[in-house]
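A.B. asks: Model the full structure from these sequences, guided by the hints.
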Amino acid sequence: MTSAIALRSLTHRFAAAGSAALDAVSAEIPLGGISGLVGPDGAGKTTLMRLMAGLLKPTAGSLSVVGLDPLSQGAELRTVLGYMPQKFGLYEDLTVEENLDLYADLRGVVGAERKRSFSELLAFTDLAAFTDRPAGKLSGGMKQKLGLACVLLGRPRVLLLDEPSVGVDPISRRELWRMVTALAADGMAVVWSTSYLDEAERCAFILLMNAGRVAYAGPPADLTGRLAGRSVQLTGIETNRRALLGRALDAPQVMDGVIQGSRIRLVLRAAGDAPDLAALAAGPAAALVAVAPRLEDAFIDILGGGPGGHSGLAAVMPPVSLPEASRGAVIRAEALTKKFGDFAATDNVTFSVPQGEIFGLLGPNGAGKSTTFKMLCGLLVPTSGTASVLGIDLGRDAARARQELGYMAQKFSLYGNLSVLQNLTFFSGVYGLEGRRQAGKIDEMIHAFALGPYLGTTPTDLSLGYKQRLALACALMHDPAVLFLDEPTSGVDPVTRREFWGHINGVVQKGVTVMVTTHFMDEAEYCDRIGLVYRGQMIAVGPPDALKATAATAEVPDPTMEEAFIALVEGHPPVAGRAAA
Amino acid sequence: MFRRLITLIKKELQLNLRDPQSRVLLFLPVLLQLTLFPFAATLEVKNATLAILNHDLGGSGRELVQRLAAARAFPHLLMVTSQAELTRVVDEQRALVALEVPADFSRKIADGRTADVLAVIDGRRSNSAQIAFGYAQSVILGYADERATQAGRPPTSAVIVRNFYNPNLEYQWFILPVLVAVITTLGSLIVTALSVAREREQGTLDQLLVSPLTPALIMVGKAVPAIMVAFVQATVIALAAVFIYRVPFQGSVFALYLSMLFYAMSLAGFGLFISALCETQQQAFLGVFSFMVPAVMLSGFVAPIENMPLVFRAIAWVDPLSHFIVILKGVFLKGYGLADVWPNLWPLLLDTIFTMSIGYWMFRRRIA
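Top to bottom, those sequences are chains U and Y. Count the first sequence with my numbering and you get residues 7 to 587, in order. Count the second sequence with my numbering and you get residues 124 to 491, in order.
A few of these clues could be false.
[Unchecked claim] Not the full set, but computed from the structure, chain U residues with beta-carbon under 10 Å of chain Y:
(1) 253
(2) 383
(3) 419
(4) 423
(5) 434
(6) 435
(7) 436
(8) 461
(9) 463
(10) 464
(11) 481
(12) 484
(13) 490
Hints were generated in silico from the structure; no laboratory data involved. All residues carry an ideal CB built from backbone N, CA and C; glycine is no exception.
C.D. replies: Here you go:
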């Protein structure tokens, strides 16, 4: 047996006339080690997983998993296959032990064999102390580990894991990796799907997918190897780094670039052909340092390069002028606390954000960043403490404060049944725009985001990138001074993410203050300052570089944001009286 | 503020009209109920079967059978020959009512004595069987009176029936005005209850809540389109009732629409209450039905309120549907004007104030 999974021009359409979720995919995923199924949301990862597990019938083409056809030889395949879907079927009201019992019964694991499996798996997943706890009361990471334990009961030879690290905090994510790596070392074939490219780099083999097609299949190192010498970091920047990034992206030699703390990371079109730093007005101390290429660089290369440095949005946004008094603290949280019952989702959080800053709330799902964020934009009423925007207390004069803020949520809250134009008209009308001013603003947004050809289309039929543009347009119609972004780019392909941050960089230079939540460690690097939220508390605040510096050790002199996060969380003393959530 | 409200209302109407699913949800019930109800939900007994076991060989027995056969209510007559067969046809529901004419029927009639006829009624279908029996009885009594008159004896005292407001007891005259109420109920509840839940699922509710719109304005922006939809639906049914089913409309149009406004408002308030309570459209749908079923049951549409126990009569008084049904029948059939509907209009007003208040309270509490 040479390949664990063979795909032969596999095509799947959910509606006969609709676009293909998988479009003639041919690939061989080798047996052994962790194989990554990598791509942004909507790339076709879950569809492919479900086809492999025999839960869907392909529209065309065929596939085999360890030599078996998932449909006609399904019964045989199920004895060797373990599949953990995104939301694994744990019974939330049953305890850890009862869930294991149930899956053991279903798998026919009984007697001494069951006893042995349980003690092994509980030790392996570190859940032995929690056997009496209902599954619903476990944290995201523990749920995933229990799900994995349930799947492993059948001693599968092939393990399919669909986005196991979504909603899991960095520490649990590290443990999950450790566990799966151990399984793979024992000879289990693991397919791990993910939209995180940093995770993909750790796989032995990746199937990189985009829009239902295979963009690359092979070891990740071979892909990043193509970019040797093209990834550089611009250090020693003394000028405005956002403006500099814009200029750098417009340089013909530069294919892609992002802000990384106080530095800028660039990917060149050709190795050795760097832009002239003097022409970019990068400052006297600026220097280019070669860095190791990342999978993301390669993905952008495959997708045809980044979007360039010009933001049409920034061109039409008027500069924000604020009264002197409120410039220092455009957003302010004072002893902000929110309790649900006796559980404090946000516990005495204080910080302020000055004008023109991008402030990021970083933390795993369930840490309380969303609760904090919602209180600051007026979606939740704090139990105690105050939240204010431009000096206006949201508890007192919410309507006036809201006129000044723009908001964009993760799932692009647009009216899916209204046309693009109707959405624009509605959201501008909500903010009191009318007549010629409204028409003018809508026109500006249509030009800034090139929405012209899609005015009659409904957002449901738009591509992810255009949805994101429309959502941003709707959030900015009323020229807000403050912009709230809730997980704005999770699951989005890197080019679309670049474009989004290009616009955000543009509006920030106009004086807009931005507050963003993210669980995406890389995205945190775009921020001027980050607040690390963990178990309801803000355990550290500071510029990304400063946070990373606190985690630097002799072994890891230049830690990633994720390593910094883990170090800070582990260094943080547990709060007395709080259950391990 | 007014412009923003218009923006909200326009959006709501666009949403409901552009989405094929909600178009179906709003207009299919109107169409279905309009075509099905007037024919399916009838209390009249039309196609009933009457079984007769005639032991009498004389002329009177035969004549009675012929008269029964000629009655419009019984197009099918089933002649049976034995007691056992008579029991069987009722048992198998082949006949709704069975009559047994005794052997001495003709003789007793001729002698001027009281003649008995035994009637067997299928109690499982008590309502229609009772009505059918009523028809049969009137035929028998009519025959008896006629014979008495011929014999020169005075007939038993006759009751002359005159049906006010619905002289021919057309069942459709009763059901169509009520349909106006039922449809209005469904329309205003669905638009309010489901649309907030849908916005919550889509995430657009958050988008509205971070805007300068106040919760009250968002609520009004949901209630007004619901009332508009209900008005359109009700108008369609009312027009169809008058022009297609020829139900007379004798009252004041103004009184009708004013009552409809308050009725729709009271329901919109309740719909918003449900919507604030529910996370998903599914829950909202269940909420709508768990309100609608008792509301219809207690409204007097299914069973007369007067026959209910005191507690239920009290609840029925609170039920806005019970008042609206009285108003509708009044304006259609009895020529009600504004003064006539007032006794039922002010309870609707109270309902409106109550439901709008709890709707707003729940909205503030759960959403904003």
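A.B. asks: Now, for every hint given, state plainly whether the structure supports it.
C.D. replies: Going through the hints against the structure:
At about 34 Å, the closest approach between the beta carbon of residue 253 of chain U and any beta carbon in chain Y exceeds 10 Å, and the interface hint on this residue is violated. Satisfaction of the interface hint for residue 383 of chain U is found here, the shortest Cβ-Cβ separation to chain Y being roughly 5 Å, below the 10 Å cut-off. About 4 Å separates the beta-carbon of residue 419 of chain U from the nearest beta-carbon of chain Y, less than 10 Å, and the hint is met. Checking residue 423 of chain U against chain Y: minimum C-beta separation of about 4 Å stays under 10 Å; hint holds.
Taking 10 Å as the C-beta contact cut-off toward chain Y, the hint placing residue 434 of chain U at the interface holds, the least distance being around 9 Å. Using the Cβ-Cβ criterion of 10 Å, the hint placing residue 435 of chain U at the interface with chain Y is satisfied: the shortest such distance is roughly 3 Å. Of the supplied interface hints, the one on residue 436 of chain U holds, with its beta-carbon coming within about 5 Å of a beta-carbon of chain Y, less than 10 Å. This hint is violated: residue 461 of chain U has a C-beta 14 Å from the nearest C-beta of chain Y, more than the 10 Å allowed.
The restraint placing residue 463 of chain U at the interface with chain Y is violated, with a minimum CB-CB distance near 12 Å, outside the 10 Å limit. Among the interface hints, the one on residue 464 of chain U holds; its C-beta lies about 8 Å from the nearest C-beta in chain Y, closer than the 10 Å criterion. Taking 10 Å as the C-beta contact cut-off toward chain Y, the hint placing residue 481 of chain U at the interface holds, the least distance being around 8 Å. Checking residue 484 of chain U against chain Y by beta carbon gives a least distance of about 9 Å; that is within 10 Å, so the hint holds.
The beta carbon of residue 490 of chain U is positioned within 10 Å of a beta carbon in chain Y (closest approach about 7 Å), and the interface hint is therefore held.
The earlier numbered hints that this structure contradicts are 1, 8 and 9.
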